[in-house]
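On the provided structure of chain A, position chain B as indicated by the hints.
Protein chains: 2
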Amino acid sequence: MPQGSVTPYDVEGTVDYEATMHKFGIEPISEEARKRIIDHAGSLHPLISRNIYFGQRDLKWLLDEYDKGNEFYIYTGIAPSGSMTIAHLIPFMMAKWLQEKYDVDVLIQIPDEEKYLIKKDPKLTLEKTHELAYDDALNIMALGFNQKKTRIFLDTEYAGTLYRQAVRVSKYITFSIIKDAFGFSNEANIGSIFYTSMQAVPAFLKSVEAKKNVPCLIPLGLDQDVHFRVARNAIEKLGYYKPAIIHSKFMPSLKGGAKMSSSDPDNTIYLADDEATVSKKVNKAITGQQSTIELQKKYGGDPEKCSVCQYYKFIFEPDDNKLMKIFEGERKGTLLAGEHKADLAKKINEFLASHRAKKEHLRSKVDDFMLKD
Amino acid sequence: MPQGSVTPYDVEGTVDYEATMHKFGIEPISEEARKRIIDHAGSLHPLISRNIYFGQRDLKWLLDEYDKGNEFYIYTGIAPSGSMTIAHLIPFMMAKWLQEKYDVDVLIQIPDEEKYLIKKDPKLTLEKTHELAYDDALNIMALGFNQKKTRIFLDTEYAGTLYRQAVRVSKYITFSIIKDAFGFSNEANIGSIFYTSMQAVPAFLKSVEAKKNVPCLIPLGLDQDVHFRVARNAIEKLGYYKPAIIHSKFMPSLKGGAKMSSSDPDNTIYLADDEATVSKKVNKAITGQQSTIELQKKYGGDPEKCSVCQYYKFIFEPDDNKLMKIFEGERKGTLLAGEHKADLAKKINEFLASHRAKKEHLRSKVDDFMLKD
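So the protein lines, in turn, are chains A and B. Numbering of the first sequence is given in our numbering, commencing with residue 1 and proceeding in unit increments. Numbering of the second sequence is given in our numbering, commencing with residue 1 and proceeding in unit increments.
Worth flagging that the hints you see were computed from the coordinates, not collected in a lab. Note that this is a predicted model, so its numbers are computed, not measured. There's no promise every hint is true.
It does not matter which identical chain is used: a pair holds within one copy or between any two.
Stated by the list, open to error - Each computed SDA-like pair below joins lysine to any residue, with the alpha-carbon atoms no more than 25 Å apart:
no.	residue 1	residue 2
1	K365	E131
2	K115	K237
3	K280	R356
4	K206	T125
5	K119	K237
6	K115	R164
Chain A with its partners taken away, still in its complex shape (with noise of 0.2 Å):
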């Protein structure tokens, strides 16, 4: 792959959003449409008035079908492979706040045989990610989706259901279009080269069940877009439509890369780390600080290259004032690297704590949320 491309197999050196953006026709989110929300919703997630959420595919017509009383589903879902990080948390804190805001349902895919079919790991059997799976899935329910409007499944528990629409939507995807977007060669096995099949199918499932076009919001990192560029033709070929989406940026690494990534464990931050390993983790943070205290007190540092102040940005700091405070005392030099790297490992603690009491409480639940054929 070139560096700076984007796939979900390999997101390469620093990315490049603009150029992303115009390569494949997303559009950023417009300030008409950050208005629509802010009228439907009463407010703005910060995910999206900070352009975490950036990019958008036909949000307005969603949200136009939205005014004229079509209500719309929300579709996202992440493929096991490791523990989940809190990177993996953005799209469904972004989906529990839409669910919330709109009162609409929303129906998450964990694809199991995802990475089983991508990674060569001979460890990553298929009963490995089946039980990442169900970690994943009490990881999201401790969000606070609305049990009622809220359902996940594993593909390997939904193929009765799934297979039959994956096969409609595969009739009209070649091997030459998966080949170009997502980079495969002629060795690629041929269970990944259908899987999109199958990410593609909970974009039009509710349509299928209720015999008529229902509108589908997908919230999703960018390096998922591919699935759907691929998808959207296809879903409109047989008929329904095709899926807004919104499009965010990617959490940096500790170390500063352009994505935390789950197979980079020390410069990523697991949901089931523990207090000590977070405090740890953090404080080999890369800040955008100067190298001493004396240089950092005389120039500040740069709060965009400062991986401490990116993780307020992205989840610890929602209040907009305080985020701005901290971004200032980065930038003016006020705020020095020691106490602001322990500041956030005790604001990261204090989230994984809380979210693990609340995962506890859901374990004998889980299968209120699970759909099985």
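Chain B in isolation, oriented as in the chain A frame:
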């Protein structure tokens, strides 16, 4: 595809069975194997004794396992794309006889997605193949399978079980392999590329369910061998026995082509054809006879080139002595085309009338045979 090629999606020209066996490593059914089957079964089904089932993979191994007390099961199937023809009955007749003689389970796959994915015909929707699949199931049941030991399923109704196993197989099959085996181009749709994984599953599904290796025997038409050339290695990599296979020749078209094809209705007998239609089609059949009665009486004909003789040989004259007489009559010129055809039409119509009666009788019992998620 080159002339004389043999894949499920294209059987062209004259089939050179010897060359195909040599090319793909298919062995003949040996005299020793025939003797062992007679030892087990008390007789040999005409489809084997007449060398219509002519080839095999691992048959000796399967019979060895059986002699060790390791019971096998039989797997075969049919992909619905139109009304079933008499040629489609061959693997089921074989399976039914083997079940009777060996008292074994039979698993029958009706992949109702396959032709939907392969054919360009817009009328062949999944709804249509589903309807055809249930008619196929009835036609199969009408052959007299033991209900307690026979299960039939449609892929779209059993995907909750099949997809998980297909994913496991598919990890070991690359697009390169599919491209070489089936002659697909990069413009093949990704459902058709994945499909062979679904066809592979029933060859080891009983082993998955029993949690121990169970031998499997697949009676199939030669054009289907390619699926298992691809899948046998993948199945072995998963730790299961490779299925044994016996291969049948193609029942010729009434006009004498390599294979009776459901897409050439005038030269094909459908199970749904009425008496007048059968008589009309058979009356136009190509025989191996001379152009005039005088020449035929003088020089005789060639039963190998006579589709009427071949129909007797394949299905409609199980008695070897009677078949020999028919072949002799053709060879010596004593059997004239008119009565030759009229006799066959009568036999076919008797068979179809009885078949239809059995089918009607079983119409209320379909659910007893079907496997669904």
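One pair to classify: K115 and R164, alpha carbons no more than 25 Å apart. Within, between, both, or neither?
both (21 Å within a copy, 13 Å between copies)
Given a CA cutoff of 25 Å, do K119 and K237 count as a within-copy pair, a between-copy pair, both, or neither?
between (31 Å within a copy, 17 Å between copies)
Within, between, both or neither: how does the pair K206, T125 come out at a Cα-Cα threshold of 25 Å?
between (30 Å within a copy, 20 Å between copies)
For the identical chains here, do K365 and E131 meet the 25 Å Cα criterion within one copy, between copies, both, or neither?
For K365 and E131, only the intra-copy Cα distance (16 Å) is at most 25 Å; the inter-copy one is 40 Å.
Alpha-carbon proximity context of K280 and R356, limit 25 Å:
Answer is within; shortest intra-copy Cα gap is 19 Å, inter-copy 77 Å.
With 25 Å as the alpha-carbon cut-off, assign the pair K115 and K237 to within, between, both or neither.
Close across copies (19 Å), not inside one copy (28 Å); limit 25 Å.
Hint compliance for this structure: no hint is broken.
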